[in-house]
Amino acid sequence: MKNLWQKKFEKVLIDDKVKDSPTALRFLEVFGEQVEIIEGEPKDIQKKELSAGQFTQSKKQLYLTEFKGQFFKKCPGFHKGLACCNYFVLNLGFQCDMDCSYCYLQSFLNSNYMTVYTNIEDALAELASFESLKDQPVRVGTGEVIDSLSLDPITLYSRTLIDFFKDYPQWKLEFKTKSALVDQFLDCEHNGNTIVSWSINPPAVIDNEEHGTATFHERLAAAERCRDKGFQISFHIDPMIWHPNWQDSYALLVDEICQRFSPQEVPTLSVGTLRFQPEQKNMMRERFAMDSFVNQAETFKGKDGKLRYSYDLRKEMYDFVLTRFKNHSPAWRIFMCMESPETWVDTFGHTPHHEKPLKELFQPIR
Amino acid sequence: MTWYALSVFFADKSDLISLNFAPRSHCFSQARVEWNDIVLNSQVCESKALVDLSAEEPSDVLFDVFGDLSFVEIAELYAACTKISGFIQKISWPLFCQRQDMQWNEKTEQLCEAVAQLPPKFLAWAHKKQASPRDLQPLMAIKDLAVVSPLLEHFESQAPSRSQGKMIIDLLVDLTLSNHDQTSLEPDKQSAWYDKLYKMRNPMTVARDKTLREDEQWPQYVQIHNQRQGDRIVKKMQILYSDNKDLSKKLGRLSEMEHL
Ligand code: SF4
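Line order of the protein sequences matches chains G and V. Count the first sequence with the working numbering and you get residues 2 to 367, in order. Count the second sequence with the working numbering and you get residues 5 to 264, in order.
So that you can see chain G by itself, here it is in the shape it has in the complex (with noise of 0.2 Å):
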């Protein structure tokens, strides 16, 4: 395993401020003699827009320090006119070291080495300090700009947090990952307000699309040990790639997450077509040419500003799936993050505050 790690990275950093915390020293047992200590920031960081081969770069070079600013910070999708969830994003460190096509953080990240924060410790802290809250449901998630879990089994952070958690029973902690990299945590006490959700496409999208992560079949496995040990499940079947014979392809993903899973056992469930800032295209083109399945896509400006398939095509892709789930159960509940509240409404007859099991998710936070 430890080979697997050292193989991913080419130069591991740490920051000397920060050797001695736990999370560092896992990373030093991991990586033995590849890891360099440095004063302060690494000598080559760049800090500017970064070109399509330092993007590439950023994924195999780590540095690990803390983190000076505010940990919390309001979900992406909260601005007038698109309707999404009350949500609470919690960075713990950016860029990804898995590698999908239609990544958001090739528009966004200008730092060519994936950073990891070791001070979790200062978010526990910042979170108990939003007191007025204890009481609200509100829901944080730390799969924003850094997967969840795909370097969880080293800074075990999981564990933490599940841990910290516990305190706090109407208050949902959520992991989103495209690894399978669960069994870290499974044996963790918890308050059954841990929510493990997948980002999940059917083979043919991961294998095309989404490099170097979990293959389906890893990820729904992954899925039914957390669901054994009480972990709540989610699903996100986003985003929505169309390819040659797409109708079969999410066939076989609603059946098969159906065959594993009960609507009970996922209360919530979302789906979400390809969408992408239009600045992203270049460097995908420039990263994956056109044998990727996004870069082939005939995409329209939205009313956002994002590319989209046209409004047709992504309502025939919601309605594929949406009728295919309640085919097998019409108790499954399905939502639409980043989409308009006309989408909502010309797919549901509503919009999501209609959508019982989704009220409390959709309440503003006060």
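Hint data in this document are derived by calculation from the structure and do not stem from the laboratory. In this text, a Cβ means the ideal position worked out from N, Cα and C, and glycines have one as well. Warning: the hint list may mix true and false statements.
Here are the computed distance ranges between Cβ atoms for each label pair [unchecked claim]:
hint : chain 1 : residue 1 : chain 2 : residue 2 : range
1    : V       : N230      : G       : N246      : 25 to 33 Å
2    : V       : H30       : G       : G54       : 34 to 42 Å
3    : V       : Q107      : G       : D292      : 29 to 37 Å
4    : G       : E266      : V       : R166      : 49 to 57 Å
Listed next, the stretches of chain V that the computed footprint assigns to chain G, with coverage defined by at least 3 CB atoms under 8 Å from CB atoms of chain G [what the hints assert, rightly or not]:
hint : segment
5    : 107 to 117
6    : 139 to 149
7    : 168 to 182
8    : 221 to 235
Please arrange chain V with the ligand on chain G, whose structure you already have, making use of the hints.
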């Protein structure tokens, strides 16, 4: 503008190298300027005084000699500087670009190198339209730009606007990477170049848009057209009427229609 301590030469100086760059618009400096045996603006008439600014920071000197440059000119200047051994390393490009309101990074550097090799007819268009690095960045996805050079030459005769040119570049890159035959991508007389490329790039959407049937029955004086607006198809309605009375009668009849 920086003030310099000047050394002015009228006599011949041997061993001078000329920088092979002339701005497309105008040269800021009226005097010939030399920096460490390199004449920066050799296009200025030889009879003009030669000013030696070797003691100054070269990025400042370049800015003061050439003034504001278009991105195409910056790329050409960069390429010219790389051709003089050791010169490029002496110039602080981040500083020079900052004065040109541009960020210098690896991405810009790679783009400059690529742009300088594009066909002159395309560069003339890109300079005239003040094309930005972002407009030209899509070209970086093509490994061998010589492949698309013949297509880019058509920018001179087609003379698209900057925004349309940007969209054409984007389409050309996608279609080239999808292995379309280059001759099939050339402009022709049947349709506007952009329209032709758009249809080739989005065959599925074009076919779907065409087949969107007008289910509803409309009276003869109404014409409905499907029109793409971003990610949606909207319907454009035209009403034919003779005078205001006729119009209100027809609108009245329309409002009584069941599907409205
Ligand atoms: S797993 Fe997520 S963060 Fe990582 S590359 Fe894929 S989309 Fe990006």
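Now for the hints, and whether the structure bears them out:
1. N230(V) to N246(G): 25 to 33 Å: holds (28 Å)
2. H30(V) to G54(G): 34 to 42 Å: Taking Cβ atoms as reference, H30(V) and G54(G) lie about 36 Å apart, which means the hint holds.
3. Q107(V) to D292(G): 29 to 37 Å: Given range 29 to 37 Å: holds, Cβ gap about 30 Å.
4. E266(G) to R166(V): 49 to 57 Å: holds (54 Å)
5. 107 to 117: holds (count 5)
6. 139 to 149: It holds: at least three residues are needed, and the segment 139 to 149 of chain V offers 4 whose Cβ sits within less than 8 Å of chain G.
7. 168 to 182: As far as the segment 168 to 182 of chain V goes, the hint holds, because 5 residues have Cβ atoms under 8 Å from chain G.
8. 221 to 235: That given contact holds, which follows from 3 residues of the segment 221 to 235 of chain V lying within Cβ reach (below 8 Å) of chain G.
Hint check: no violations occur; every hint is consistent with the structure.
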